[in-house]
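Protein chains: 4
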Amino acid sequence: MPVLNDEVPDDGDFDAGRRRGEFDNIRPEDFIDGHGNGRGNPPGWLGREDLERNRRQVPMAYVEIVPVRIDQLGRVEEIGTLLRISDDGSIVDRTVITGRILYHESIREAIARNVAKDLGDLALPMIPQCLQPFGVAEFFPTPGVSEYYDPRQHSIALCYVIPIAGDCNPQDETLDVEWVTPRGADVENAIAQMSNGHGTIVRQALAWIDL
Amino acid sequence: MPVLNDEVPDDGDFDAGRRRGEFDNIRPEDFIDGHGNGRGNPPGWLGREDLERNRRQVPMAYVEIVPVRIDQLGRVEEIGTLLRISDDGSIVDRTVITGRILYHESIREAIARNVAKDLGDLALPMIPQCLQPFGVAEFFPTPGVSEYYDPRQHSIALCYVIPIAGDCNPQDETLDVEWVTPRGADVENAIAQMSNGHGTIVRQALAWIDL
Amino acid sequence: MPVLNDEVPDDGDFDAGRRRGEFDNIRPEDFIDGHGNGRGNPPGWLGREDLERNRRQVPMAYVEIVPVRIDQLGRVEEIGTLLRISDDGSIVDRTVITGRILYHESIREAIARNVAKDLGDLALPMIPQCLQPFGVAEFFPTPGVSEYYDPRQHSIALCYVIPIAGDCNPQDETLDVEWVTPRGADVENAIAQMSNGHGTIVRQALAWIDL
Amino acid sequence: MPVLNDEVPDDGDFDAGRRRGEFDNIRPEDFIDGHGNGRGNPPGWLGREDLERNRRQVPMAYVEIVPVRIDQLGRVEEIGTLLRISDDGSIVDRTVITGRILYHESIREAIARNVAKDLGDLALPMIPQCLQPFGVAEFFPTPGVSEYYDPRQHSIALCYVIPIAGDCNPQDETLDVEWVTPRGADVENAIAQMSNGHGTIVRQALAWIDL
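Residue numbers (full-length UniProt numbering), protein chains in the order written: chain U, 1 to 211; chain F, 1 to 211; chain C, 1 to 211; chain S, 1 to 211.
These are calculated hints, taken from the structure and not from any lab test.
Check the hints yourself; a few may be wrong.
Repeated chains share a single entry, so a pair holds when one copy, or any two copies, can fit it.
Heads up, simulated SDA-like pairs for lysine to any residue below, C-alpha to C-alpha not over 20 Å straight-line [said to hold, decoys possible]:
#1 Lys117 - Leu73
#2 Lys117 - Tyr149
#3 Lys117 - Leu175
#4 Lys117 - Gln72
#5 Lys117 - Arg48
#6 Lys117 - Val187
#7 Lys117 - Glu188
Hey, can you work out the whole structure from these sequences and the hints?
Rendered as structure tokens:
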């Protein structure tokens with residue numbers, strides 16, 4: 001059974017007060033693969049208590065990724081949408097790839113790690129040369145402040161369209177990845193199944209890319 | 001004497017555990033002006049202890065603003081640089097406008113509040129219609145990880161060029177604002193006086209705008 | 001009665017073979033106001049024969065401008081749409097501001113001139129500091145090649161959202177300017193009345209701006 | 001001996017007055033590969049006389065491409081610069097990839113065709129999903145109007161950073177492609193050897209990408 005929270009508390013041994021320099025020997029791979037014994041948590045991971053306190057005190061930095069398949073001229077042929085069990089476990093929700101940027105993790109590492117988390121290690125995301133996002137979505141914990149709502153937190157999501165060059169193998173809480181053409185009824189249906197503003201981000205991505 | 005830290009701890013009475021709904025009656029002006037008796041702290045402000053813990057656990061969301069003067073066709077005529085006393089109080093540092101995005105504060109509010117904080121209430125910043133930043137700067141607490149270094153924290157700064165249409169009246173820790181033409185020795189000197197990567201952001205802004 | 005073509009041939013005396021240096025004394029105002037006696041044509045204007053030949057041989061450079069009204073925080077409150085008599089004079093068409101970039105005219109001048117042409121001299125467009133367009137629309141003379149169709153020509157339109165700070169006084173072939181809120185039935189109706197892809201550009205602008 | 005002009009006149013048989021519909025059966029490959037017997041000219045090519053008249057009457061649409069090599073996380077490792085014989089044949093000039101967008105050619109096709117023209121058919125350019133350029137350079141035939149000068153014409157160049165995934169085999173008037181790291185003396189030397197504003201475009205690209 002998949003774990004329902006987007007951030008699984010580890011055993012809580014992350015020492016938030018580590019001295020400067022502790023990240024000197026951390027490589028990008030440590031964020032992307034996790035580290036320690038087997039597939040542990042990456043550096044910067046937080047225990048549940050710390051995470052929840054942070055979520056009520058400061059905006060959380062996120063990446064929101066619309067995965068796409070492209071042709072030889074770079075045109076988007078398909079958009080990937082993720083099927084997940086919703087947070088309360090009762091229903092199936094549709095979304096895109098979304099995840100927190102960890103302490104001392106770069107945006108590029110966060111993109112690679114979150115793609116690997118949802119689509120597997122062989123997805124081969126093509127990360128852009130410039131990290132200027134196509135948009136910035138502001139999720140508030142109060143319904144109605146903006147289109148973007150997240151009951152857990154105030155988050156600021158940098159939004160990217162990321163081509164996937166490899167094979168997808170849905171992971172963790174992701175049940176399946178479905179690819180739809182970027183126009184027509186299928187993508188409209190997919191957007192309609194997304195909640196809390198994620199569909200708006202897909203619509204923005206569709207408007208931004210060159211169809 | 002100006003206060004030297006970019007975030008002044010208030011009396012610590014901010015209740016991080018406030019229930020949802022507490023921001024229902026907060027207006028943009030409350031962030032920009034502060035609220036309560038006179039010019040108190042805006043909602044979302046943190047006491048020093050909470051702030052320092054957050055700074056060691058999660059990336060902090062920032063705006064970094066390059067203020068400019070423009071002509072009738074939108075061309076940049078001057079770039080504003082700020083003279084400040086450095087954090088340890090010993091020397092004068094040059095920088096641009098930079099500040100944290102507070103809990104439940106929108107990016108627009110953070111831009112308006114931070115411009116008002118440094119340039120005064122009559123600066124009349126012209127905030128863009130789209131919040132797509134011209135760049136995203138990642139400051140790490142470990143020197144050498146990137147060009148951007150901040151010993152206090154890992155921060156992710158959304159970078160904007162903001163025209164100033166009104167009058168500037170330097171505030172708080174800002175001693176003076178100096179306007180230089182966007183080309184030539186003056187702007188190069190100003191950039192050379194900026195530390196920890198802020199000069200690189202000005203250089204990016206200069207390359208991005210249309211001179 | 002309004003003239004129906006977007007480019008009115010003058011008396012054809014433009015000398016396409018003028019030697020280099022002829023634009024040395026041309027100021028931006030000459031493009032924006034026209035020049036010569038009264039309101040003549042700006043430099044770079046072409047007679048009908050030259051214009052038509054160019055239109056069959058090379059892509060024409062255009063600006064496409066979505067005019068907006070904004071609030072103090074830069075948020076879009078209204079979108080302006082133009083009512084025009086269609087090219088064949090029979091029906092009323094709805095569109096945004098669109099016009100050719102003339103020989104030796106800068107993009108900024110083209111934006112200012114085309115806004116003045118449709119909305120009058122007191123519109124006070126706020127031209128951005130960076131000319132990076134939010135999108136590039138490619139109009140082809142062959143239906144079906146892209147969403148953007150222009151039977152007259154292949155054109156490449158740089159698309160901008162431009163706030164209008166002043167008063168509008170519709171000019172030339174523009175019968176009226178109507179302002180609608182950027183969400184809801186009114187803007188959807190306006191988009192539905194636009195032909196040949198201009199509605200898609202408005203939809204892209206709506207997705208790109210921060211609502 | 002390489003041909004020195006960026007557009008080689010063919011035998012002049014392009015019929016500028018072809019009726020609409022003539023491009024119905026043209027595929028992207030016809031622009032990229034040329035068509036007809038062997039490696040002829042692509043559709044939309046112009047004879048010298050037509051080209052020169054157009055160049056004095058309307059702005060010409062161009063793409064300007066900074067080729068880069070990237071690592072697995074999308075970071076730029078090297079920037080490609082082209083060595084060419086200058087237009088008058090006397091000296092060696094350094095530049096990036098630049099070329100005209102042809103009549104009825106899409107921007108994507110123009111990018112692919114111009115990369116293939118300079119770097120060969122196996123370069124495998126990775127064209128972005130969105131054609132929003134990082135900048136727009138305006139070249140004027142009058143020196144001093146802007147940083148960008150082109151004695152042949154007024155051109156409007158859409159500027160892109162394009163990763164090259166394949167092998168380079170310099171073609172036509174390109175003598176060699178040299179790859180330099182994006183920082184330090186080598187790239188500064190390369191920029192210093194570029195004339196008429198092309199170095200400024202490389203500098204903009206360097207500022208825009210995430211180093």
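Status of the hints after comparison with the structure:
| no. | hint | in the structure |
| --- | --- | --- |
| 1 | Lys117 - Leu73 | between (28 Å within a copy, 16 Å between copies) |
| 2 | Lys117 - Tyr149 | neither (23 Å within a copy, 29 Å between copies) |
| 3 | Lys117 - Leu175 | within (12 Å within a copy, 45 Å between copies) |
| 4 | Lys117 - Gln72 | between (27 Å within a copy, 17 Å between copies) |
| 5 | Lys117 - Arg48 | within (19 Å within a copy, 35 Å between copies) |
| 6 | Lys117 - Val187 | neither (23 Å within a copy, 37 Å between copies) |
| 7 | Lys117 - Glu188 | neither (26 Å within a copy, 39 Å between copies) |
Hints 2, 6 and 7, counting from the list given before, are not met by this structure.
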